[in-house]
Amino acid sequence: MEKSIMHPNAPEIEASLLSTIIISPDNIYNCIQLLNADCFYTSKHRIIWEALIAMHTAGSIIDVPKVFQYLKDNNKIEQIGGASAIVDLTNQYFTSDINGYSKILYQKYMRRKAIEKAHKLIRSSYDESNDIFDVLTNTKESLISILSPDVSRVNTAHSIINNNLIHIKENLGKYQEVTGVPTGYEHFDKRTGGCGDGWLMIIGGRPAMGKTTFVLNVAWNAYKLFNKSGIFFSGEMSSKQISHLIMATESGIPASDIKKNRISQFQLEAMFDTFRKKHPGVFLIDDTPNPALTHILAEATKAKMQHDIDFVVVDYIQLVKAKGSSRHLEVSKISRELKALARNLNIPVIALAQLSRAVESRPSKRPQLSDLKESGDIEQDADLVSFLYRPEYYGIEKDEDGMSLEGITYLMTKKNRHGEVGTDLLYMNKSTSSFEMFDIQGQEAIPVEKYDKKLIEMQDMNTIELDFNGEPLPF
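Using this note's numbering, you'd call the opening residue of the sequence shown number 7 and step up by one each time.
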């Protein structure tokens with residue numbers, strides 16, 4: 007008789023997580039962003055998890071007597087093994103690695119779901135009445151859903167505010183100017199606070215405005231200067247072309263020379279020295295042409311789980327493919343799903359967007375929100391919308407004050423849910439494919455390496471002493 011195969015599971019890991027939460031309830035916050043009831047394979051552990059979630063959501067105190075009473079009141083105490091089960095659990099198991107154990111459990115759950123989907127795929131593939139293209143498409147979408155944790159985000163206002171106040175108390179007398187992922191451009195970061203967790207950020211512009219160069223600079227600055235990790239989806243340019251732009255930015259050698267291999271021995275050695283330097287993070291490039299939305303969602307989620315990435319870049323929205331009866335509905339779905347991706351992974355998603363030709367028909371070529379191509383939902387879903395505008399491209403050589411506009415690029419923030427709108431100036435070095443900060447007073451470009459790192463650090467400030475002892479708020 008063939009031996010049955012046990013589904014992937016880890017009962018000791020489950021027990022350790024539950025015990026740790028009961029002993030130290032604040033640990034539940036590190037679990038609920040990833041785990042759901044289905045992640046617990048053992049039925050009694052699933053029942054205890056559901057009880058803990060229900061108690062947490064209701065704002066109840068979590069400890070051994072309270073958990074016991076909750077299970078008793080809901081006629082579930084016998085299902086977990088009786089009155090002594092909770093005491094035995096907390097006496098035998100504990101972990102200080104909540105995050106690591108949570109990931110192990112979720113991966114076990116992923117394996118079980120993958121096995122389930124694989125069996126369904128086999129059955130559907132044998133059935134000749136099924137359209138095989140529909141079968142494969144549905145399977146792909148269902149597999150992607152496994153990568154996106156479906157967890158309860160319900161929480162009480164009391165616990166959320168109390169945690170915020172505790173954080174403020176721990177950093178009392180200090181403030182942080184840039185709390186999100188820094189871009190390397192000071193004025194823009196001061197305006198936005200950096201690329202915030204859960205944000206969808208849209209960078210728009212007409213062709214030749216430098217969109218790809220700018221967003222690649224932002225991503226590389228975050229990686230190189232601030233030790234952030236990210237994934238860059240390039241639907242138009244190959245990874246080799248992207249690497250040429252990075253090499254040009256880093257070395258100061260024109261990208262055209264790098265492409266043609268017009269490099270001296272000295273320049274080659276200098277580049278080897280530059281790229282030998284190790285950085286703590288990872289910079290991933292996916293150059294799938296015209297990527298499907300499902301591909302982006304899956305790869306970004308996988309990168310988050312494997313490398314704990316800090317940001318996602320998509321170049322650009324109009325190249326992404328998605329299901330829809332019209333292109334307008336497709337683009338609407340893309341922007342909506344990219345926003346959901348940002349929320350689910352709790353990191354910024356920065357997406358480029360082409361603008362309509364309406365810009366060219368106006369006397370002033372400055373972009374407007376209504377110029378976003380193919381869907382107004384992009385504007386609606388975005389937390390921030392900024393446009394790149396280079397007057398020089400349209401033959402405008404000086405501004406109204408007589409300042410030369412050679413290389414000057416306007417970064418025009420037209421929508422900002424979390425801060426101010428306005429315009430910041432950048433300087434574009436076309437030969438090295440790089441953007442630098444621009445000091446309008448000194449009329450000079452400033453390398454991003456001179457970014458004031460104090461902006462991303464907690465800084466002291468004068469404040470009154472507050473009497474707050476961290477006790478729960480009275481509501």
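These are calculated hints, taken from the structure and not from any lab test.
If you're wondering where the values come from, they're calculated on a predicted model, not measured in any experiment.
Treat each hint with caution, since some may be false.
To be verified - For each label pair, taking beta carbons as the anchor points, the in silico distance ranges come out as:
| id | residue 1 | residue 2 | range |
| --- | --- | --- | --- |
| 1 | Glu406 | His173 | 43 to 49 Å |
| 2 | Asp94 | Lys459 | 29 to 35 Å |
| 3 | Ile128 | Ser376 | 48 to 54 Å |
| 4 | Met467 | Arg372 | 34 to 40 Å |
| 5 | Gly88 | Ala43 | 17 to 23 Å |
Said to hold, decoys possible - With a Cα cut of at most 25 Å, we get these calculated SDA-like pairs of lysine to any residue:
| id | residue 1 | residue 2 |
| --- | --- | --- |
| 6 | Lys329 | Thr294 |
| 7 | Lys266 | Pro213 |
| 8 | Lys456 | Thr185 |
| 9 | Lys310 | Lys266 |
| 10 | Lys123 | Gln98 |
In this text, a Cβ means the ideal position worked out from N, Cα and C, and glycines have one as well.
Problem - Satisfaction of the hinted span 34 to 40 Å by the C-beta atoms belonging to Met467 and Arg372 - result: holds, 37 Å
Handout entry: Pairwise hint evaluation, Thr185 against Lys456, where the allowed Cα distance is 25 Å at most
Key = holds, 19 Å
Exercise for the section: Would you mind confirming whether the straight-line C-alpha gap from Lys310 to Lys266 stays at or under 25 Å? Expected result: violated, 36 Å
Exercise for the section: Would you mind confirming whether the straight-line C-alpha gap from Lys123 to Gln98 stays at or under 25 Å? Expected result: Status violated; Cα separation ~35 Å.
Problem - Hint consistency between Lys329 and Thr294 [alpha-carbon to alpha-carbon, up to 25 Å] - result: Roughly 18 Å between the alpha carbons, so the hint for Lys329 and Thr294 holds.
Problem - Range hint 29 to 35 Å (beta carbons of Asp94 and Lys459) holds or violated - result: The hint (29 to 35 Å, Cβ to Cβ) is violated, given that Asp94 and Lys459 are roughly 51 Å apart.
Practice task
With respect to the beta-carbon atoms only, verify the hint that Gly88 and Ala43 lie 17 to 23 Å apart.
Solution key: holds, 21 Å
Practice task
Take the C-beta atom of Glu406 and the C-beta atom of His173, compute their distance, and say whether it sits inside 43 to 49 Å.
Solution key: This hint holds: roughly 46 Å between Cβ atoms.
Practice task
Please test the hint of 48 to 54 Å on the beta carbon pair from Ile128 and Ser376.
Solution key: With a Cβ separation near 50 Å, Ile128 and Ser376 satisfy 48 to 54 Å, so the hint holds.
Practice task
Sort out whether Pro213 lies within 25 Å of Lys266, counting only the CA atoms.
Solution key: With a Cα-Cα distance of about 24 Å, the restraint between Lys266 and Pro213 holds, given a limit of 25 Å.
The earlier numbered hints that this structure contradicts are 2, 9, 10.
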